[in-house]
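K.L.:
First to last, the protein sequences are chains Y and P. Everything in the first sequence is counted per the working numbering, starting at 6 for the first residue and increasing by one. Everything in the second sequence is counted per the working numbering, starting at 382 for the first residue and increasing by one.
There could be a bad hint or two in this list.
[Said to hold, decoys possible] In silico EDC-like links for lysine to aspartate or glutamate, alpha-carbon gap of 20 Å or less:
#1 P:Lys-484 x P:Glu-508
#2 P:Lys-729 x P:Glu-478
#3 P:Lys-676 x Y:Glu-194
#4 Y:Lys-265 x P:Asp-517
#5 P:Lys-729 x P:Asp-473
#6 P:Lys-627 x P:Asp-604
#7 P:Lys-511 x P:Glu-787
#8 P:Lys-780 x P:Glu-800
#9 Y:Lys-265 x P:Glu-831
#10 P:Lys-575 x P:Asp-588
#11 P:Lys-511 x Y:Glu-45
#12 P:Lys-714 x P:Glu-787
#13 P:Lys-627 x P:Glu-731
#14 Y:Lys-104 x Y:Glu-197
#15 Y:Lys-265 x P:Glu-734
#16 Y:Lys-265 x P:Asp-477
#17 P:Lys-626 x P:Glu-800
#18 Y:Lys-162 x P:Glu-658
#19 Y:Lys-63 x P:Asp-833
#20 P:Lys-729 x P:Glu-740
#21 Y:Lys-147 x P:Glu-658
#22 P:Lys-648 x P:Glu-658
#23 P:Lys-676 x P:Glu-581
#24 P:Lys-634 x P:Glu-435
#25 P:Lys-486 x Y:Glu-45
#26 Y:Lys-104 x Y:Glu-45
#27 Y:Lys-63 x P:Glu-831
#28 P:Lys-729 x P:Asp-715
#29 Y:Lys-265 x P:Glu-508
#30 P:Lys-511 x P:Glu-731
#31 P:Lys-648 x P:Glu-581
#32 Y:Lys-265 x P:Glu-787
#33 P:Lys-735 x P:Glu-435
[As the list claims (entries may be wrong)] A short, non-exhaustive set of chain P residues, derived as facing chain Y with CB atoms under 8 Å:
#34 Ile-489
#35 Ala-490
#36 Gly-492
#37 Glu-657
#38 Gly-662
#39 Ser-666
#40 Asn-669
Simulated from the structure, these hints should not be mistaken for laboratory data. Idealized CB from N, CA, C, for every residue including glycine.
Now for the letters of each chain:
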Amino acid sequence: MEQYHRNKKIIFLFLLPALLVYIIFECIPVLQSFYFSFFEWPGIQGVPLAYVGLDNFKALINDAQFHRAIANILLFVLIGILTQLPIGFFFAILLYYTKHGQKFFKAVYFIPMILPVTATGLLWQFILKPNETGVLNNLLSKLGLENLCTGWLVNSKTAMMCIILVTTWASAAYYIVIGLAAMNSIPDEILESATIDGANTWKRVIHIMVPMIWESIKISVVMIITGVLKVFDMVFVMTEGGPNGLTHVPATLLYSQAFKYNHYGIGSAISTIMFMISLVITIVSLKIMNKEDKKSATKERGGRKVWRQV
Amino acid sequence: MKRKIIAVLLTACLSIGLLAGCGNNASETDDSQVKSEPSATTETADTSAAKEPEVTITVLTRYAGSDVQAQWLQTMMEKFSELHPNVTFQDDSVADEAAYNNKLKTAIATGNLPNMWMQYGAASLVEYAKNGLAMDLSSLLEDTEFTLGLADPTLSSYNLSNYGVDGIYALPFAMQPEVIFYNKDLFAQAGIDKVPETMEDLIAAFDKLNAAGITPMGMGAKDTWRLGHFYNCIVYKKAGVENIKKIGSREAKWTDENIVETLEILKSFKDRGAFEENFEGIDWSTENANFLSGKYAMICVPLWFIPTAEASEIADSLDFFQIPYFEDAIEYKDNSAVYTDAHVYNGKLEGYEKEITLEWAKFTHSAYSEEVRLKVCNQLPGRSDINTDGYEMSPLMEKALVLNNELTTYGGDVFEYDEITSMQDVIRNSLVGMMLGTSPEDTARSIQAEIDNNQ
């Protein structure tokens with residue numbers, strides 16, 4: 006066994022199938038998409054690709070729909086991080102401290118995650134329908150709050166926010182599970198000794214649990230960012246990017262450009278730009294969190310020094 | 382023992398279900414009312430079977446599933462196979478628009494074209510014609526017996542000469558004028574004793590209906606084609622079909638004063654309370670259901686709605702009237718929005734397969750075919766020479782036939798005259814955007830920008 010571990014050829018041989026799949030189905034399409042973003046093609050077999058240089062990118066820079074899609078996705082990322090993660094980890098903490106019925110609540114909270122996105126989108130679409138046909142408006146009317154009734158998915162002030170919050174509702178469960186798993190891996194002795202030392206629940210969460218599950222929080226942030234940047238299904242099911250492009254995100258705009266309007270070059274350019282944005286945001290967020298890591302590590306070392314001097 | 386009995390019973394139920402499912406074939410439709418006999422114009426079945434090669438005709442349409450014309454297609458394929466036993470059909474039809482578009486696009490991108498497919502609008506045909514994907518059907522014009530009965534005997538709807546392409550590349554089919562269906566009871570309730578003839582009458586009717594607490598018109602604008610269709614009616618009656626065609630050929634612009642005025646009119650309808658609040662979030666199925674439950678006084682929809690109206694519980698209260706004209710644009714009084722499906726045939730075909738596909742094209746646009754559509758599917762026929770003997774037509778259908786024969790100047794959806802494929806979405810979405818607050822001027826500018834950016 007030991008000799009297998011040292012034999013690089015064997016290691017490479019074992020890695021090869023996964024590597025091939027990754028290259029063929031991930032790397033090559035990404036490079037192809039990058040290549041196609043410099044061309045235009047009407048979608049007819051036999052018609053050659055026409056080289057257009059940076060025209061597709063220039064068209065996007067001047068396209069108000071694309072600007073709105075980018076603004077929407079950045080808002081989506083921001084609100085996604087500010088809601089999915091805190092809500093997920095908050096419920097994880099609640100479940101961690103729940104002595105009775107933990108399994109039951111875990112299952113209940115996980116239900117939105119089990120539902121297909123299409124079903125979730127349709128469900129909320131019915132809830133948010135305008136006028137009395139929508140459950141929410143109906144409820145508001147019955148509570149005497151008619152002035153709050155609106156066309157939730159057509160009103161420019163509420164449409165995008167509704168989609169973001171529905172996505173939070175559907176995704177937070179995932180972070181409950183990640184959070185709970187991370188918390189369960191914290192040795193009981195540490196929490197018990199903190200309790201003996203007089204730390205209350207709040208202090209235990211902030212000073213012990215959060216630092217000890219920091220790696221999970223980091224992974225969750227990256228997952229939210231990458232997940233939200235490529236969001237398509239929820240937006241498509243709920244609004245298809247409408248009305249009038251109000252709720253477009255890059256993925257739905259890409260779909261419209263490439264598959265509805267036959268602008269394959271522009272579609273490829275959107276995917277290239279999104280790839281770059283995803284890469285930058287992910288690297289920046291990881292850098293920021295790694296800095297936090299280093300700071301806390303330095304503080305910890307500083308703390309130890311002081312303790313030793315004393 | 383008990384388990385065995387249950388198993389036998391379940392198997393029997395399953396078998397009966399399967400048999401019932403197989404037995405209820407769509408092709409076994411009640412075409413007993415169709416009096417004419419189908420005929421092959423080339424050879425009879427007996428002789429053709431002996432020497433003609435086996436051919437499979439692939440058909441890609443939206444006449445599938447619950448579409449009423451699915452029965453028509455099944456019947457036509459069955460009858461054609463009887464006349465040409467060497468012909469078999471592969472029906473790839475799918476009712477859903479997005480699924481249909483995806484199938485067609487894949488076929489075009491991969492070169493696996495069906496023998497026949499459906500087409501909406503002339504402009505998007507240009508690329509297909511230029512690249513040899515669509516068959517030139519000009520030869521059909523020589524068969525006057527065939528063309529004379531057509532609603533468009535010169536096949537002008539699909540003439541591409543404006544786009545620099547000679548020839549005819551699509552056969553128009555199933556002409557459906559847009560009209561306004563209305564609820565007679567609700568009109569009476571609001572004190573409207575005469576159907577609106579002019580747009581001014583229509584606006585007066587809106588006011589009366591609103592005063593009576595009745596929503597004047599249903600508009601499920603979440604499905605953007607709803608508002609798009611209504612706009613087609615306004616723009617043709619106010620600015621004329623030719624002016625929209627001129628935008629397609631770049632002789633006019635969306636920002637031209639007369640076009641902006643049509644957008645202002647559409648917006649003013651909302652401001653006048655023609656539609657219910659938040660209608661931008663309501664879909665067609667809700668609009669349809671609300672109209673048929675007596676919630677709206679009117680809906681603007683093509684005549685394919687007749688079977689639905691006649692099957693509803695309030696059928697006796699329903700009728701339709703032509704789109705009113707503008708008193709100050711009387712010259713466009715006869716301009717109408719009329720939608721046609723069109724059939725396109727594979728331009729790559731050669732030899733016998735091309736010959737038999739052309740035969741199929743004529744067969745599906747013949748008087749017999751239209752008779753089947755009327756009598757089996759209750760759909761408005763696209764020919765004037767069909768045999769209606771012994772067929773008791775409903776009052777609505779009779780009225781529709783008269784209307785169809787009176788049509789003189791008509792246009793399809795406004796985007797159909799534009800080669801830019803995104804125009805359908807851009808125009809319809811912009812109209813919804815205008816209803817949500819964008820000014821008519823900005824709406825015109827954003828539509829025109831799409832054209833300018835794609836030049």
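K.L.:
Under the constraints set out in the numbered hints, which ones does this structure not fulfil?
P.N.:
2, 3, 4, 6, 7, 8, 13, 15, 23, 24, 26, 28, 32, 39 and 40
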